[in-house]
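Read top to bottom, the protein sequences are chains A and B.
Under UniProt numbering, the residue at position 45 of the first sequence is numbered 45, and the numbers go up by one with no gaps.
Under UniProt numbering, the residue at position 750 of the second sequence is numbered 750, and the numbers go up by one with no gaps.
Everything hinted at is true.
Over the 10 Å line for every Cβ pair with chain B, so calculated as not near, a few chain A residues: (1) 4; (2) 28; (3) 29; (4) 32; (5) 34; (6) 40; (7) 41; (8) 43; (9) 44; (10) 47; (11) 51; (12) 52; (13) 68; (14) 76; (15) 79; (16) 105.
Now the stretches of chain A that chain B is said to cover, found in silico as 3 or more residues with beta-carbon under 8 Å: (17) 19 to 27; (18) 85 to 95.
Worth flagging that the hints you see were computed from the coordinates, not collected in a lab.
From the three backbone atoms N, C-alpha and C, an ideal C-beta is built for every residue, glycine too.
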Amino acid sequence: MKTNRPIIIIDDDPVSIFLTREILNSLEIEMEVLAFEDANRALHFLNEKGDNYTILLDLNMPLMSGWEFVNSCVEQKLSPEVYILSSSVNPRDIERIDQYDFVRSFLSKPLNPEMLEIEQS
Amino acid sequence: MSVSGEELKKLVQEHCNCFFVNGFNGESFDFLQEDIQPVLQKNFRDVCADEDEFSWLHYIPEGYRVIRDGELRVAQSLGESWKGSYPVYIPKIGEVGVLEFHDFSKVNGEGRHLGFLIFEETIGGRHYSISSLFTSLQNALNKSAIVTITNYTGQILYANNLFCEFSGYSLEELLGRTHSIINSGYHPKTFFVDLWKTILRGGVWRGEICNRKKSGELYWVDTTISPIYNGEGEVERFLSVRFDITEKKKHEEELNNSVKFNQSILSTMTSRIAVLSPQGKILFTNLAWDNFRVIQADEELRCPEVGQDYLECVGEKCFSGFLPNELLIGLKKVMAHEEPWFEMEYMIVDKGITNWYNFTASLLDDGSNRVLIKHSDTTRRKITENELAKSRRKYLDLLDNIQDAICTDNKDGVITFANKKFLEYFSVSRSQIGKISVMDIVREDYRNYVREIYSRCIEGVSIPEYIEFPATSFGEERWFECRTRGLQEDGEVMGTQSIIRDITERKKLFEEIESKEHLLRLKIEELQAKNEELLQFSYIISHNLRSPLANVIGLSRLLDNIEERSEKSRDITKLIATSSEQLDEVVKDLTKILSLNMSPELLKDQVDPFSVIEKVADEIGVRKEELSVRDERIKKACIKTNEQYFLSIIQNVLSNSFKFRSEVRPLKVSAVLKDRPEESSWEVLIEDNGIGLDTNKYKQDIFGMYKRFHHGVSQGKGLGLYITKKQVELLGGSVEITGIPDLGTNVKLTFREYENE
Chain A
1 MKTNRPIIII DDDPVSIFLT REILNSLEIE MEVLAFEDAN RALHFLNEKG
51 DNYTILLDLN MPLMSGWEFV NSCVEQKLSP EVYILSSSVN PRDIERIDQY
101 DFVRSFLSKP LNPEMLEIEQ S
Chain B
1 MSVSGEELKK LVQEHCNCFF VNGFNGESFD FLQEDIQPVL QKNFRDVCAD
51 EDEFSWLHYI PEGYRVIRDG ELRVAQSLGE SWKGSYPVYI PKIGEVGVLE
101 FHDFSKVNGE GRHLGFLIFE ETIGGRHYSI SSLFTSLQNA LNKSAIVTIT
151 NYTGQILYAN NLFCEFSGYS LEELLGRTHS IINSGYHPKT FFVDLWKTIL
201 RGGVWRGEIC NRKKSGELYW VDTTISPIYN GEGEVERFLS VRFDITEKKK
251 HEEELNNSVK FNQSILSTMT SRIAVLSPQG KILFTNLAWD NFRVIQADEE
301 LRCPEVGQDY LECVGEKCFS GFLPNELLIG LKKVMAHEEP WFEMEYMIVD
351 KGITNWYNFT ASLLDDGSNR VLIKHSDTTR RKITENELAK SRRKYLDLLD
401 NIQDAICTDN KDGVITFANK KFLEYFSVSR SQIGKISVMD IVREDYRNYV
451 REIYSRCIEG VSIPEYIEFP ATSFGEERWF ECRTRGLQED GEVMGTQSII
501 RDITERKKLF EEIESKEHLL RLKIEELQAK NEELLQFSYI ISHNLRSPLA
551 NVIGLSRLLD NIEERSEKSR DITKLIATSS EQLDEVVKDL TKILSLNMSP
601 ELLKDQVDPF SVIEKVADEI GVRKEELSVR DERIKKACIK TNEQYFLSII
651 QNVLSNSFKF RSEVRPLKVS AVLKDRPEES SWEVLIEDNG IGLDTNKYKQ
701 DIFGMYKRFH HGVSQGKGLG LYITKKQVEL LGGSVEITGI PDLGTNVKLT
751 FREYENE
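Input sequences plus hints: build the corresponding full structure.
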């Protein structure tokens, strides 16, 4: 996950957000990290600030799911860099990432620093 | 004039009452007796003074003049003396006598002849009428008949125009010749000898002669030859009168031929034929009677002979029982004109063999009241008829015993035949056949449809048509299948033939099956939906289970990184992390198992097995020098399979090789790809030199769930090979594992699907 962009975590689970933040911090790279528990709010944020962000996106969320968020981005012509970060083992979810240009890969929870390193290289 | 007056006087006194002398052409009178003058109405002087114009030939009727010319010419050409006598005819007086000529040219050398007129005054009047009759007869005869006059030796002196016409010869050609000129050669010599005998005797000969024309063509004449007498009662010449009968002859011949023909037919006929007189006497029998001999109880039906009484002959046989009595009764009726015709069939048992005969008696239609009798042997026909009747009965019996209803219809759709089943099915009586049509049986709303099919068959469509229709049968509505086709006779469709089968039960069954199938389909759809629901549910459950687990794992890892903690707390944190990870693996595996069997498209991806193997090996941690790959395929065809499954299978197999590697030697994994085009299969062989799975020991359990075979080493939960086997089987393949402890493990994956390029 080689990126200069600021990072947005979208996850309805505060524990998961906490963990992700901690792992990102453990990389000891200076970066801006934002988090939203509600994907809708994240969408508003992107509309306001532009799409120059890297998003770690959970899929199973109430109100707006991860895929609904991705579809809204397409509709609103936003193309942030998206990494799916989910505990889903549904092959449909894994296959689906190919449908979107801006969805880079599928990371299975729990996130660990090695996974990020692999993505960085 | 060398004949002296005395001599002449003597001649005249002896022969006649007057005479004259003239030249060959009769042109002049040298001498005319006094007595003749009143007869000729000219005196001698007048005649002499008028000598250029006057000729005694004027007084001979024309026909005789011609004869006289002919006779003279014949005599001259032969150089013979000539003597002729001709009737003399004088206008107003009639025939007065006979003029005799004596050729004295040889005597006096001057080419003159003497004419003697025998003047018969007393019979003058009578002669007159005969002569005029003769003249008209002559005229009539010349028009209708072919006439010749010959001399005593048969030389032609005269031939009329018709003779010339028929024979094709001119008069000049004919004069002096005999009739042999027109001899056809048809008659034997004796025929003419008889003819001559008759006429020379003075008799009249009549007969039919076949002559030959100059052109060679034959013609037939009815000929009458009568002698012509001279004044002394001697036969002097012959008159032949003929009538053309060529046509008649032809007819006769044809008739003859046809009679001969008929007789030959009658004689070759095997039927015994007899013709009876109105009184019953046998007039004619043909040859067939001779060949007919039947002997029964010393009784013989012999050939009745011509002249016998046929009724008597037959009567005897009838009374003796040899022939049926009806035969005699019928025959008598015909003979009594009560019936114009009688026919009956009878049989005779001869030496144990039954023979059949047909007897007919009929009046001949020629008005003669004669009766024609005919006995024909009909045994062979009778046998054939019996055989036919037998086979017809068999055939009808067969048709009646068939489970299908069968009927035939004529062009108008009227049923002409129906078997027993048909009558039973549709409650039809035999008497209704020939009156009703199939349409009367078919339920009303189906009639137009059935009629249409029937007319199609009649139009000559040779393929049988299948019709299904409902009809009332045994008091209830039942369904029938009707197979109809056109019936042909000499290439023309004469009607139709139908085979009708009750299909009510079959139809019910079909309906039942159909409704059951429908239910089944609904059930399957329902189950599929439920399965899908369950699958999705399993993903949600696993997600819901995994989310907190992931958190626990993540949190325990965080704890691990906090330095200011005791060794024990560190160990505990590690154990929490390990347990959580194991639980996570279990959840993942269980989800995978649940999702097996539910992938609809299994063989969709084109896969390069080597790149999959190399990629997986790299991910697992197998180093490049530890792995060797070899392609041993014969046909390097493109391989199509489900990539995800194939990947998962390879992952499982290679991770086992990695996990269970030997600690005493460096790891070596080899992957070989083979194919068997004749079996449409391909194989992946993966061999390692690890600690070896003891397949002899664990034979039964290798692919079981939750089976683990290495205590110390294994960190798995015993689901790997179970999933691998399932996945291979889902791809239509099989997996074999052979392992020997401390040597290594071989895994052979065989996939059936193999697509040629």
